[in-house]
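Go ahead and model the full structure; you've got the sequences and the hints to work with.
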Amino acid sequence: MILKTAKLGKSFGGLAAVQDVDMTIEQGKITAIIGPNGAGKTTLFNLLSGFYKPSSGRIEFLGEDITHLPVHEVARRGIARTFQATHLFQRQTCLDNLIVGHRLRTRVNVWDALFRTPRHRRELRKCVERAFAAMEFAGISKLAHKPVGAISQEQQKRLSIALALVTEPKLLLLDEIAGGVNPEETAGLGELIGKIVKSGITVCFIEHKMQMVMNLADHIVVLNHGCKIAEGPPADVSRNKAVIEAYLGGETNAHAT
Amino acid sequence: MNLFLQQVLNGLVLGSIYSLVALGLTLVYGTRGIPNFAHGHLYMLGAYMTLFFVGTYGLHYWPSAILAALVLALAGVVLERLVFHPVSRSSHVNVMIASVGLMLFLEALSIQLWGADYKFVMAPNPAIYRFAGLTISHQQVIVIIAAVILMIGLQLFLKKTMVGSAIEALAQNREGAMLVGINVTRLSMLTFAISAGLASAAASLIAPINLVFPAMGTMVIMKAFAIVVIGGMGSIPGAIAAAYLLALAESLGGTYLLMQYRDLIAFALLAAILAIRPTGLFSRGD
Amino acid sequence: MQFNWRSWIFPCLLIIAGLFVPAVVANAYYIHVIIMGFIWAIAVYGLNIILGYTGQLSLGHAGFMGLGAYTVALMSLKLGAPFWLAMACAVLLNIVTSWLLSFIAFRTRDHYFAIFTLAIGVILHHVMEKWEKLTNGNNGLSQIPGFGGIGPISFDTAAARYYLIYAFLLLAIYVSWSLKHSLIGRTLMAIRNSEDLAKSIGIPVNRGKRLAFMISAALTGMAGGLYAGYIGFLGPSIASITVTFNLLLYLLVGGIGTVAGPLIGSFIVSVLTQFLVVLQDYQMLIFGPVLVLLTIFFPHGLAGGYYKLKHRWRTASANRKGKAEPAPGRAGGAAMAEASGVAEVSGAAEISVAAEASDAAEASGTAGAKGAVHREVR
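Protein chains in written order, with the working numbering: chain H, 1 to 257; chain L, 1 to 286; chain P, 1 to 378.
These are calculated hints, taken from the structure and not from any lab test. Given the structure is predicted, the values throughout are model-derived calculations rather than measurements. Misleading hints may appear alongside valid ones.
[What the hints assert, rightly or not] Here are a few chain P residues that face chain H, going by a calculated C-beta distance under 8 angstroms:
1) V21
2) V24
3) N27
4) V175
5) S178
6) L179
7) L183
8) I184
9) R186
10) A190
11) N193
12) S194
13) L197
14) G202
15) V205
16) R210
Beta carbons: idealized from backbone N, C-alpha and C, even for Gly.
Written out as structure tokens, the structure is:
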């Protein structure tokens, strides 16, 4: 078990966006988080990555209580994420985006920078190498010097995955990574996720595309109205009454791949 | 004891002025999402406009003040369209820089048009009242009454009209309001108009008491920012409460502590609030 | 190591040209104007680090200049301290002050930083004006001892003073350049471009801002100390909002976030105002709208605009010639990584130009990614 939440909750004013969620993410497995719109999935990710402070409950990652850690500390502990609306450093090249992504694993200070010490050269080279490696892994090597604004939506998704990967995470949270891409691209992203997990990183993703979820996930957590209503392997969850009911009224892309 | 009460009274007068200026600032901050550093200079222009109408056209004080407020309201709309709207496409930093540029331009313009020396506006009624050992001038009474009327008017507008509640919604929660489909552009212009009008009114009210000079906007904007931060950005009751609080602190502090450093009280409070509760005293604090 | 020598020619020529100025320029007044341009440039280099690199609008930066200037002046006049000791103290005081302020200044939204620094600037100006016992108030301080000698070198001649300030300018440029092309610089620019994204990749944003603020205050404070030593007299106006505005104007004209920008902007504007006397009377009337127009139409300034054009031209000509994208491959990747700055690779002059262009765009805020993450996360 790599991550565990206990009675995790987040309220805004009087409104509970996430309530009493207990869930576990197993190391090396692919966990999917699904649920109708507004179920609290992104809120959950924001809680896990430290963007929101929980109103109640605990989060434990690799045996450490990370409930109240600020965002950058969570990233350092090894949780990386992508965002639902792709967030990258827009006017910079893909390469520049990724170089700074590895910064957190480097140990240079301002003196190294000012005096251009060997240590700085070494660390910068390491960042550049990791950047190229991540781009190759994500299949976007030829885009290295293109500005982010000039690449396609799917390529941007791959870049944001590469950015997350370059932080050397143990757990990768993907928020609707297949949003706005066609079936062929979706399959490609699915393959990439598989590749990521094979390389030893645990993946937890939010998705609306059911086919993708069913194909990839080892374990599914279903949220509705901020509460966990089901959890288990795909076969069980797809037959779960509460889950079916939750989706009947909502908008799902059960047909979309 | 008398001295204390006298200063409280003075504080109430000052607070009324601060309140009107701060309200304008907090409304604009809500709709545009950025601080308008030129707001204090709109205040200053309001005073000069009043002076202008009284001096050049020989109008009585009250029509001059009202005309000035209207002129400033129009100026607010013009500035919104000419400066704030175009630059809003840029980063927030650029918007702030633009408003700083505007601020210094307006000051230079005033000096050019009217000179840098201190000017004086005659009070409509120079009477002074004494009671219970306290002194208050007719104008000071006017200030308090007029400010209260304007604030009540503003509250009614914000709560009871469709447009007003849209503005308030925008001030409280910009993104939420935008999601609900509120037309930010038109509201923005209206808000700027109200904001500038309020500032002008405040300046016209205080002009017979204090003097009129080009740099009078600078201190006021600093205080207004301190007030808006202390009260919480976008919070109307917060702005009002903080305005009176600050005015009282200045009035009493200036008397019992160092007069020279009275103006620094605002910033000390600002620093304290930022250190302790950055979202302001009256916001919910996310 | 492959080294792109082409992009170094012009800067080197400029540096060398600068060395010949006292020999070539005979008029003492012109030398004075140039020296003042240098001093302002150093101050703007400071502002560029917090505003250009890190994206935080410091509206009280003149306060740091005043702090530096008054420290040098007061220590020399009242304590009889040697100039360089006073300078060191001035820079140190600025670093400590900015460090202390940063704990309050960076709470919550970035607008608060602008407001807070505005307030600090006003406070500093106010104190300098009102604390007459210490600073002599509006009468100012005069007869501040000039630059003390360093070893055998004394700074009695105008030429010597020129070279001294020139040396400090080169120092400021070096600090700016090395910072920008380092991991630290990349970190700061990530903070500027998107704080939330920067946080999510493990960057401690407040620590970065604090560092930028301190370096920024140190440089501008240094400029203040040099000002005091060079001019010899000093008034509270050095810390006024007008000075902050000037610094902003110079930076925006020159190119916010670039290495060349502060020098270009300071030079063009301050030299222009000196020589076009008519401008002096109407300074604010003209510069105010100029600043506003810059933020709307030319937010990237001269240097930024130059890089953008150059990049566009390079890309267009590359497309015309059908040049392939530099495809690094594994070996190529390592070769590219060889350089201490990724731009220093032969054939990758385009990258450095592209990098400058994109940095200029990011710094001038025409990118707009900032709000996006906020909306999602909020």
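Structure-based check of each hint:
1. V21: 27 angstroms, violated
2. V24: This interface hint is violated because 32 angstroms lies over the 8 angstroms limit.
3. N27: This interface hint is violated because 37 angstroms lies over the 8 angstroms limit.
4. V175: 6 angstroms, holds
5. S178: Status holds, d = 5 angstroms.
6. L179: Interface hint status for P/L179: holds (6 angstroms vs cutoff 8 angstroms).
7. L183: At about 5 angstroms, which falls below the 8 angstroms cut-off, the nearest Cβ of chain H leaves the hint on P/L183 intact, so it holds.
8. I184: 4 angstroms, holds
9. R186: This hint holds: P/R186 lies near chain H, its Cβ roughly 4 angstroms from the closest one there, short of 8 angstroms.
10. A190: 5 angstroms, holds
11. N193: 5 angstroms, holds
12. S194: 6 angstroms, holds
13. L197: 5 angstroms, holds
14. G202: At about 3 angstroms, which falls below the 8 angstroms cut-off, the nearest Cβ of chain H leaves the hint on P/G202 intact, so it holds.
15. V205: For P/V205, the interface hint holds, since the closest Cβ of chain H sits about 7 angstroms away, which is under 8 angstroms.
16. R210: 11 angstroms, violated
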